[in-house]
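J.: One-letter residues, chain by chain:
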Amino acid sequence: QKEVEQDPGPLSVPEGAIVSLNCTYSNSAFQYFMWYRQYSRKGPELLMYTYSSGNKEDGRFTAQVDKSSKYISLFIRDSQPSDSATYLCAMGRAGGGNKLTFGTGTQLKVEL
Amino acid sequence: EPEVTQTPSHQVTQMGQEVILRCVPISNHLYFYWYRQILGQKVEFLVSFYNNEISEKSEIFDDQFSVERPDGSNFTLKIRSTKLEDSAMYFCASTQGGPSGYTFGSGTRLTVV
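For the protein sequence lines, the chains are A and B, in the order given. In this text, residue positions in the first sequence follow the numbering used here: the first is 62, and each later residue adds one. In this text, residue positions in the second sequence follow the numbering used here: the first is 1274, and each later residue adds one.
Hints were generated in silico from the structure; no laboratory data involved. A couple of the hints might just be wrong.
Computed beta-carbon distance windows for the label pairs [what the hints assert, rightly or not]:
no., chain 1, residue 1, chain 2, residue 2, range
1, B, I1293, A, I79, 43 to 49 Å
2, A, L72, B, N1347, 38 to 44 Å
3, B, K1356, A, R102, 34 to 40 Å
4, B, T1384, A, L72, 26 to 32 Å
5, A, Q62, B, I1333, 16 to 22 Å
6, A, D139, B, Q1369, 30 to 36 Å
7, B, G1374, A, N116, 20 to 26 Å
Nothing here was measured: the structure is a model prediction, and the numbers come from that model. C-beta: ideal position from N, C-alpha, C; glycine also.
Okay, chain A solo, but in the shape it has when bound (with noise of 0.2 Å):
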């Protein structure tokens, strides 16, 4: 079983859609979540991140946890064509030096 499993997509939605992505993980160790972008061929751009289980909100990106379920969401409001990109989910371990393990990452694309 791999430590972080994501839907690859693609993920196509007209503008204007409520987006969810998701992540499931098997170790039980990470304690902290992360959502990145990234655009073809660019770095990774964090976009949220997050402790405890819950909901935090930042503008139309809302990050979800359920630790007891091992499961993250994303989810975009009003998703707009500048949100497609490539969303990689990423965990890590408190006290592991905080080396980040990635999801494959889904790809989205907004359409007109």
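Starting from the structure of chain A, add chain B where the hints point.
T.: Positioned in the frame of chain A, the structure of chain B alone reads:
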């Protein structure tokens, strides 16, 4: 906004040659990392560096790889004898500690021919 700077953006090298990839982390960050991403695959951890020494390395980071912080600003990854399978995007990252501000550079695309 502070950023991690990587040079060069693209490097082509002959198999067996040595390459050095350069990074300037964010100035007040304490932890430095190298990751790689083979085309179409996930981002993979290579090595973390803290307090002038390697704090953790992956199985990928074998004897042909080395890292150095030669001065107060640069952080380098050296690949001693490149192989075709080293072709990938190499990303440098830095953080003060923990996930806050965990910033990646734009990457160096390494092509080994």
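J.: The structure should be examined with respect to each hint, and the outcome stated for every one.
T.: A quick look at each hint next to the structure:
no., hint, in the structure
1, I1293(B) to I79(A): 43 to 49 Å, "45 Å, holds"
2, L72(A) to N1347(B): 38 to 44 Å, "39 Å, holds"
3, K1356(B) to R102(A): 34 to 40 Å, "22 Å, violated"
4, T1384(B) to L72(A): 26 to 32 Å, "30 Å, holds"
5, Q62(A) to I1333(B): 16 to 22 Å, "20 Å, holds"
6, D139(A) to Q1369(B): 30 to 36 Å, "32 Å, holds"
7, G1374(B) to N116(A): 20 to 26 Å, "22 Å, holds"
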